[in-house]
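Chemist: Here is what each chain is made of, one letter per residue.
2 protein chains.
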Amino acid sequence: MSKEITSRSENYSQWYNDIVIKAGLADYSAVRGCMVIKPYGYAIWEKMQRQLDTMFKETGHQNAYFPLFVPKSFFSREASHVEGFAKECAVVTHYRLKNDPNGQGVVVDNDAKLEEELIVRPTSETIIWNTYKGWIQSYRDLPILINQWANVVRWEMRTRLFLRTAEFLWQEGHTAHATKEEAIAEAEKMIGVYADFAQKWMAMPVRVGRKSESERFAGAIDTYSIEAMMQDGRALQSGTSHFLGQNFAKAFDVKFINRDSELDYVWATSWGVSTRLMGALVMVHSDDNGLVLPPKLAPTQVVFVPIYKGADELEQISARVAALREELHKRGITTHYDDRDNYKPGFKFNEYEMKGYPVRVAIGARDMQNGTAEVARRDTLTKQIVPQEQLADTVAALLDDIQQNLFNRALEFREQNTTVVNSYDEFKEVLNTKGGFVLAHWDGTAETEQRIKEETKATVRCIPFDLEPEEGRCIYSGKPSKQRAIFALAY
Amino acid sequence: MSKEITSRSENYSQWYNDIVIKAGLADYSAVRGCMVIKPYGYAIWEKMQRQLDTMFKETGHQNAYFPLFVPKSFFSREASHVEGFAKECAVVTHYRLKNDPNGQGVVVDNDAKLEEELIVRPTSETIIWNTYKGWIQSYRDLPILINQWANVVRWEMRTRLFLRTAEFLWQEGHTAHATKEEAIAEAEKMIGVYADFAQKWMAMPVRVGRKSESERFAGAIDTYSIEAMMQDGRALQSGTSHFLGQNFAKAFDVKFINRDSELDYVWATSWGVSTRLMGALVMVHSDDNGLVLPPKLAPTQVVFVPIYKGADELEQISARVAALREELHKRGITTHYDDRDNYKPGFKFNEYEMKGYPVRVAIGARDMQNGTAEVARRDTLTKQIVPQEQLADTVAALLDDIQQNLFNRALEFREQNTTVVNSYDEFKEVLNTKGGFVLAHWDGTAETEQRIKEETKATVRCIPFDLEPEEGRCIYSGKPSKQRAIFALAY
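Sequences listed follow chains A and B, in order. With this note's numbering applied, the first sequence has no gaps in its numbers, which climb one by one up to 491 at the end. With this note's numbering applied, the second sequence has no gaps in its numbers, which climb one by one up to 491 at the end.
The shape of chain A in the complex, shown without the other chains:
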């Protein structure tokens, strides 16, 4: 089955698409740029959602739901929001169909034209801040810490499964605060939650930092992001958190009486991650045999495959497997037993390799005699023979080890592909040969960033929080710089 996949070295982009399709994560749909998330892909997304949702609630947030549609005029309220935000949106202009008078199915009823067009939300700051206006009078009503799980639509011209689709699923947090300091602390806290989730659950190392002005969210004072490195060395922005200042409060006239009995505008943040994380998960760990999943996000962690001749052997193996699975379930490990008799073990092995099941346990007649099982791990594709009585211990330890190994492997790859450069020639040389993250001094201006982008396609991914300030000179303009930024080609 792995022969069905293009190798990474042959065509990285095709390799990615092959895995998404052949592992059964998603499918193309009849609607341009919209995808179908298939059950196996959705099960992974559900595990991500469940964990993120828990982390949001542990940090004091509640879920709510706001309308899918935003009145067109709302987009004009916050000047930099409308200016900076892509205007590729789905526009609803009518609210009724009617039978075609010529008998050709249905047509749009032109009598049912909306007075004001509605936009399918590309993000919800405007509709939410218009709502918050009615909820906030005093500092006692603050903070508001709300998250929404929703679908959004951005009419992308070039789409790719999970990475860039017209419709995608995401969560968007929208918080309101009485002070600037509290809002900034919230935005920082949430980028920290995202980094934690990426590293501990997705086993995906990320660089956390501040976006440059030109890469900021439209309407934000500051945008923080987590940036991960894919196996082709490109960066993938995996989550963002925005300090919005009082911009949206001013646009929607949301004032409150503060502790000093003065009227002031409310401070805001917003933050989100999307099904794009699915794309990152695929690209960061998988190999030429198919999907590789970190055990914490695998819908099923262990698959059992019987190797047998005849019904008697199968029956004996099945009874043993049932007992072994029960032991694993007691430890909270999820399992599947594939006793389909119309497929051979080799076919099944390939299938579970393709789908990235972290651990495979095969048990045959000889294993039954010896009281053993063959345990294979997906990350390294290595096998070991294990006494059945030690299986639960071994598998539990193995799952932890796989989770850690995937993280270490990705981290090592990122470190090997992160280069410090001190001249523009060196910068271009690294981008053209090795790729990856390039740490370079930059004068901080949008103009320089734009020129570098035009000449090399590389952009400032972020100014990482964990990098100490360091005096230097911009590799492009030669002007003074206080800190290196991460440059990279990006998805």
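Please keep in mind that the hints were generated in silico from the structure rather than gathered at the bench. Among the clues, some could well be false.
Identical copies carry no separate label here, and so any pair may be met within one copy or between two of them.
The list that follows gives simulated cross-link-like pairs (lysine to aspartate or glutamate, EDC-like), each with its CA atoms no further than 16 Å apart [unchecked claim]:
| no. | residue 1 | residue 2 |
| --- | --- | --- |
| 1 | LYS113 | GLU156 |
| 2 | LYS113 | GLU88 |
| 3 | LYS98 | GLU88 |
| 4 | LYS133 | ASP27 |
Knowing the structure of chain A, use the given hints to seat chain B on it.
Modeler: What follows is chain B alone, placed relative to chain A:
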């Protein structure tokens, strides 16, 4: 606070709206017919979702996600679907905005007109069956048992919070089967799951039965529904499950090789419940003091309110409450401690009554001396003094009792308001005075049903499964009838 609510006897409809707004379940939005589901309302919906999702998975279903948009032409494929389905849909005609040349914000970019309009899904049979076509070749690919949690839009002219909104949240199951019998069994199984959920979790008794032809889902061969009685005697259809025959498979050309190696069309079902259940939940249990929630769906089951003078008393009470809450948490009971010092106990009592917290525990200085607590139950508004050492036992039993009592109370109300009639005069008399469910013989024709509806506004809610066949004569036409149907005014 209860004075803020209109009483049921004064204006039932206004009473309902008052509770939804004042208990903080939902709010109106800037978009006509679309609502905001507020955190407290969403927390109840999440509990419903979590339980339904568990029940769907226990019956072998998986979640997936299909596009928000449906190409207009898809609606013309299944003739009765397009004919019967309301054509009030949100129609996307353009995919870009642009800056207004006159500087007045943004306008629709007329250069960005879609070749074919997209409809925001009012339901997803068409887009899903178009997708299934690519997934099904042989009986080995069947059954497909998929559910989707999603938002849908139906452009209703008259909307009411939760009960009828332009956008609403729901789940829609869409299954594909190799045989007619299997599909029918699936449709029946899922209406059973809904009935179970309504009765065991919502504490809401329902009548389960078959819809009349004119009330069937557009494109279905048979529609089953659960019907609940609200406190004004009206019926609320709370969930439906459809046996779709081969209609959608034929419309989208979905054939498979069956076990006899013959090419045949696939058999289908679909089934759904929506945020409308929130409306049912409010209307079935609440009273003139506010919301009443069954403990199994209450976001927080027990609230503790301290009654104190001065910081010392508060400190002592708080320490005791912490220990008591811990005991409850060990039993899986959710609690909240309201020690806000800027509100008086009476204000708090009203607030939790309004929000329907099932149990309230108040502890004051005298309780501390006596080792007691005052326990109040929301359903009956009665109180008892309980020794603190018995509090956990008492509260646990009380929550079970409240859950059962709410069901019993609603069942008794329904039974008292269900009337068997044998003539049309009697039928009209009951509808005009007592209301409720009326069990009457009906000749089974759409014509008679239509006339009765025109004359009395009552509709056939369902032909209940649990009613034994019984020979009789239609109350309207006098023609022979084999079974009584439930007639009622409905939401």
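Chemist: First find the shortest C-alpha distance between LYS113 and GLU156 inside one copy, then the shortest across copies, and answer within, between, both or neither for a cut-off of 16 Å.
Modeler: For LYS113 and GLU156, the Cα distance is within 16 Å only across copies (15 Å; inside one copy 26 Å).
Chemist: Check LYS113 against GLU88 for me: Cα-Cα at most 16 Å, and say if that holds within a copy, between copies, both or neither.
Modeler: Between copies only: 12 Å across, 21 Å inside.
Chemist: With identical chains treated as interchangeable, where does the CA-CA distance between LYS133 and ASP27 reach 16 Å or less: within a copy, between copies, both, or neither?
Modeler: between (41 Å within a copy, 12 Å between copies)
Chemist: If the cutoff is 16 Å on CA atoms, where do LYS98 and GLU88 land: within, between, both or neither? Let me know, please.
Modeler: between (28 Å within a copy, 9 Å between copies)
Of the hints listed earlier, there is not a single one the structure fails to meet.
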